[in-house]
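For the record, the sequence lines run as chains A and B.
Residue numbers for the first sequence follow this note's numbering, beginning at 239 and rising by one.
Residue numbers for the second sequence follow this note's numbering, beginning at 239 and rising by one.
In case anyone wonders, no lab produced these hints; they're calculated from the structure.
One thing to keep in mind: the hints can contain errors.
One copy or two, either will do: identical chains are not told apart, so a pair holds if it fits within one copy or between any two.
Distance condition first, Cα-Cα at most 35 angstroms in a straight line; then the derived DSBU-like pairs of lysine-lysine [what the hints assert, rightly or not]: (1) K642 with K489; (2) K294 with K266; (3) K365 with K601; (4) K568 with K581; (5) K349 with K452; (6) K291 with K390; (7) K390 with K604.
Number of protein chains: 2
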Amino acid sequence: MGKKYYIPANSNTVKWGYYNKNIPPILKIDPGDVVTIEVLTHHAGDAYDLMIKGDKNMEEIYEWTNIKKTINRRGMGDINDKSIGPGKGYGVHLITGPVYINGAKPGDILKVEILDIYPRPSPNKNKYYGSNLAASWGYQYGDLLNKHSPKKEVVSIYNVLPSKKIANPYYNYVWKPQIDSSGIYHKSYNYPGIIVKNKTIRKNYKINNKLNIKLRPHFGILGVTPNYNNMVSSIPPSNFGGNIDNWRAGKYSSIYLPVQVDGANFIVGDSHASQGDSELSGTAIEFSMTGKFRFTLIKKNENPFGLNSPIIETPTEWIIQGFSYPDYLKEFGKQSQELIGKKSSIDAAMRDAYRKTNIFLTKYMKLSEDEAISIMSVAVDFGITQIVDMNYGVHAIIRKNIFKNSNNFNKYKNRKYVTKKIKIHKYKK
Amino acid sequence: MGKKYYIPANSNTVKWGYYNKNIPPILKIDPGDVVTIEVLTHHAGDAYDLMIKGDKNMEEIYEWTNIKKTINRRGMGDINDKSIGPGKGYGVHLITGPVYINGAKPGDILKVEILDIYPRPSPNKNKYYGSNLAASWGYQYGDLLNKHSPKKEVVSIYNVLPSKKIANPYYNYVWKPQIDSSGIYHKSYNYPGIIVKNKTIRKNYKINNKLNIKLRPHFGILGVTPNYNNMVSSIPPSNFGGNIDNWRAGKYSSIYLPVQVDGANFIVGDSHASQGDSELSGTAIEFSMTGKFRFTLIKKNENPFGLNSPIIETPTEWIIQGFSYPDYLKEFGKQSQELIGKKSSIDAAMRDAYRKTNIFLTKYMKLSEDEAISIMSVAVDFGITQIVDMNYGVHAIIRKNIFKNSNNFNKYKNRKYVTKKIKIHKYKK
Chain A
239 MGKKYYIPAN SNTVKWGYYN KNIPPILKID PGDVVTIEVL THHAGDAYDL MIKGDKNMEE
299 IYEWTNIKKT INRRGMGDIN DKSIGPGKGY GVHLITGPVY INGAKPGDIL KVEILDIYPR
359 PSPNKNKYYG SNLAASWGYQ YGDLLNKHSP KKEVVSIYNV LPSKKIANPY YNYVWKPQID
419 SSGIYHKSYN YPGIIVKNKT IRKNYKINNK LNIKLRPHFG ILGVTPNYNN MVSSIPPSNF
479 GGNIDNWRAG KYSSIYLPVQ VDGANFIVGD SHASQGDSEL SGTAIEFSMT GKFRFTLIKK
539 NENPFGLNSP IIETPTEWII QGFSYPDYLK EFGKQSQELI GKKSSIDAAM RDAYRKTNIF
599 LTKYMKLSED EAISIMSVAV DFGITQIVDM NYGVHAIIRK NIFKNSNNFN KYKNRKYVTK
659 KIKIHKYKK
Chain B
239 MGKKYYIPAN SNTVKWGYYN KNIPPILKID PGDVVTIEVL THHAGDAYDL MIKGDKNMEE
299 IYEWTNIKKT INRRGMGDIN DKSIGPGKGY GVHLITGPVY INGAKPGDIL KVEILDIYPR
359 PSPNKNKYYG SNLAASWGYQ YGDLLNKHSP KKEVVSIYNV LPSKKIANPY YNYVWKPQID
419 SSGIYHKSYN YPGIIVKNKT IRKNYKINNK LNIKLRPHFG ILGVTPNYNN MVSSIPPSNF
479 GGNIDNWRAG KYSSIYLPVQ VDGANFIVGD SHASQGDSEL SGTAIEFSMT GKFRFTLIKK
539 NENPFGLNSP IIETPTEWII QGFSYPDYLK EFGKQSQELI GKKSSIDAAM RDAYRKTNIF
599 LTKYMKLSED EAISIMSVAV DFGITQIVDM NYGVHAIIRK NIFKNSNNFN KYKNRKYVTK
659 KIKIHKYKK
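Start from the sequences and build out the full structure, keeping to the hints where you can.
Here it is in structure tokens:
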């Protein structure tokens, strides 16, 4: 039985918009341990009164006046940038971590079981709110039916009802240029954590609030720290995981992450109440949540998948994740922020997803390649994970019931989950 | 109550590999009528003894000796071609139809309800077989793990068990060059209906026959006849429907097809026991089946969707279908067979699917565009329909339960299906 830990999200545990292998871990654990981790959404500034006010840790993280900014760096960019802000918004997510797993070595596989996900306790009389942004980096930008303003950015605030497992639209508004608390003018939504001033916008409550969005609570970002000698943006996902934005990484799913640095240095962020395949507008229903994770290690010489890439396992499916650039840091390095978004294509991500699925089916499921190709055509579904995170994603959905009579099925048939509430909350730095 | 008809598949009712608006209809019906239509797979030559022998109509259609070839033209290509064969294999599917719907005019929408789908009665003691080909036009071709023969074509024969709703692999073989009954040498699987000679291949029964492929019976081809002054290949799907290859077009689904010619001239073909999103290897489990369809008309001035493109409605979802080239005949015309396959991309199909979904949500579901974009990002799933039919497909899956509290839901909430067996079988030419 592993030990149990609890990590609150605060200025000691959270980074904003980047990974860096030189960041010291906030917690060291052993394989088998269970850690409950708070994750804060980076879009709470879209509705301060609903999503921040009254939540002390949120207020601390988001604090930004002309004299104090709790988290100065937001993104991997220039820390002295005056045009957009420190870190330049090259990377936007609130990341909790890293968590160091004792004994993890490069080449190992870190298995992260998502034992539970629950909404962050509401400071608003048990009412919960999430924000969706139709962003300048969204797929719709510049290509709207409304030709008069094809380049607007729109925030949609959702009522999230965890007990009913749905969300309803609440109100929306056209995002307007903001002057942040450091005095920088933002023509577009180009820097995270700006508190939108109520007087600058016009809230539109005349929207269809009867639409039922089924919740798909998940973490957009689940990753290990990349082995890269520099700051890394939180936006593009890659072989280390990161901002995969696959909604199947929800409760009772596991993610398998190839370790790149000693201790793995696990990070989590970008909590979503719901998202569709493609994340078309650039964001999901961004929503603060807490996850309970169990960490185990598969040693290098036991890697059963033959893949140096994240895999998601749900109770009923294997999800093989392809990317436009499977190892983009190697390909683009520091220039990725400028280049990768322009060069990504769904076609390239599909090619990667196909190749990885072929390896998974032959290596892990022990099919011949001829069998694997046939199964892929008649029973595997390829879908578009996201087209908004610079490095596009395509995933393959392999249903486990294909294999229920085969030997490999027994490996996961009787999986059990620890679902009872954690009572002991230790938090060691 | 509409009239009921039955159309067997035989040399009077079937065409091989093409559409043509000058082909006279095989049946004229009124809106509201129900027609049961036999569809034959064009891959039965892969296992003559299992998929043809003993079935008189199959034997007739596939008959091809040095003195008689029941169906000479196979494809839209040159009828005098000596290198590949008459029609050149530019279009490969066995098509039943066309069926003329009285009163249908260009601009109307033909609604086709799929009331039932059942397997073609087996001549093999109630054993059923389907064929999957890893084809030269498949996505895997030239990109296999086995670098020694990355360009092989492989046939996989499946046992199809309709009562258990699954299929299991039975045997496979590497497809070998064939000399057809007209004496033409085929280095690759480039002409439909060739009977593979048992002595040329080596059947491999040592495959994993315990894999369970859940059946998804559907018709790859459902379409109206395009308004085009020439032969049209059956391969690329387009705004008239055709070879969409979306497995959601199964029992209890409907497809809405924009009419291009008087009478609509409905056609159906390419019956599949199962297929995954992408149809990666170039084919599904190709399997002869019979469908029961009810035809109704939505007149031009009532078009509720605002789209000149096929839409699939399942009991729980709306499927908006995008294509790399939404109207490829206009774009490429006769040269499509040479050009479109080279120019298609999933990215272009995604763009088309996004735009159409935006129109559907604003026009049919009466959302504002701001609401539509947000819903698309948080609740709509974009998937890869196929990447092997020259004109690639991406579809959007819109779950109806999003709208269950809205007015539009009542339009389809209480749909009922006629599922009792047809007793009166009329067949009028």
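A quick look at each hint next to the structure:
In the homo-oligomer, the alpha carbons of K642 and K489 lie at most 35 angstroms apart both inside one protomer (22 angstroms) and across protomers (26 angstroms), since each shortest distance falls under that limit. Taking the closest pair of Cα atoms, K294 and K266 come within 35 angstroms of each other only inside a single copy of the chain (26 angstroms); across copies the shortest separation is 72 angstroms, beyond that limit. Taking the shortest Cα distances, K365 and K601 sit within 35 angstroms of each other only across copies (32 angstroms), while inside one copy they are farther apart (47 angstroms). Taking CA atoms no more than 35 angstroms apart as the test, K568 paired with K581 passes in both settings, with 15 angstroms inside one copy and 29 angstroms between copies.
Taking the shortest Cα distances, K349 and K452 sit within 35 angstroms of each other both inside one copy (28 angstroms) and across copies (29 angstroms). Taking identical chains as interchangeable, the C-alpha atoms of K291 and K390 lie at most 35 angstroms apart only when both belong to the same chain, with a minimum of 27 angstroms there against 63 angstroms between chains. When the C-alpha separation of K390 and K604 is checked against a cutoff of 35 angstroms, the pair qualifies only between copies, where the shortest distance is 20 angstroms, while the shortest distance within a copy is 50 angstroms.
Of the hints listed earlier, there is not a single one the structure fails to meet.
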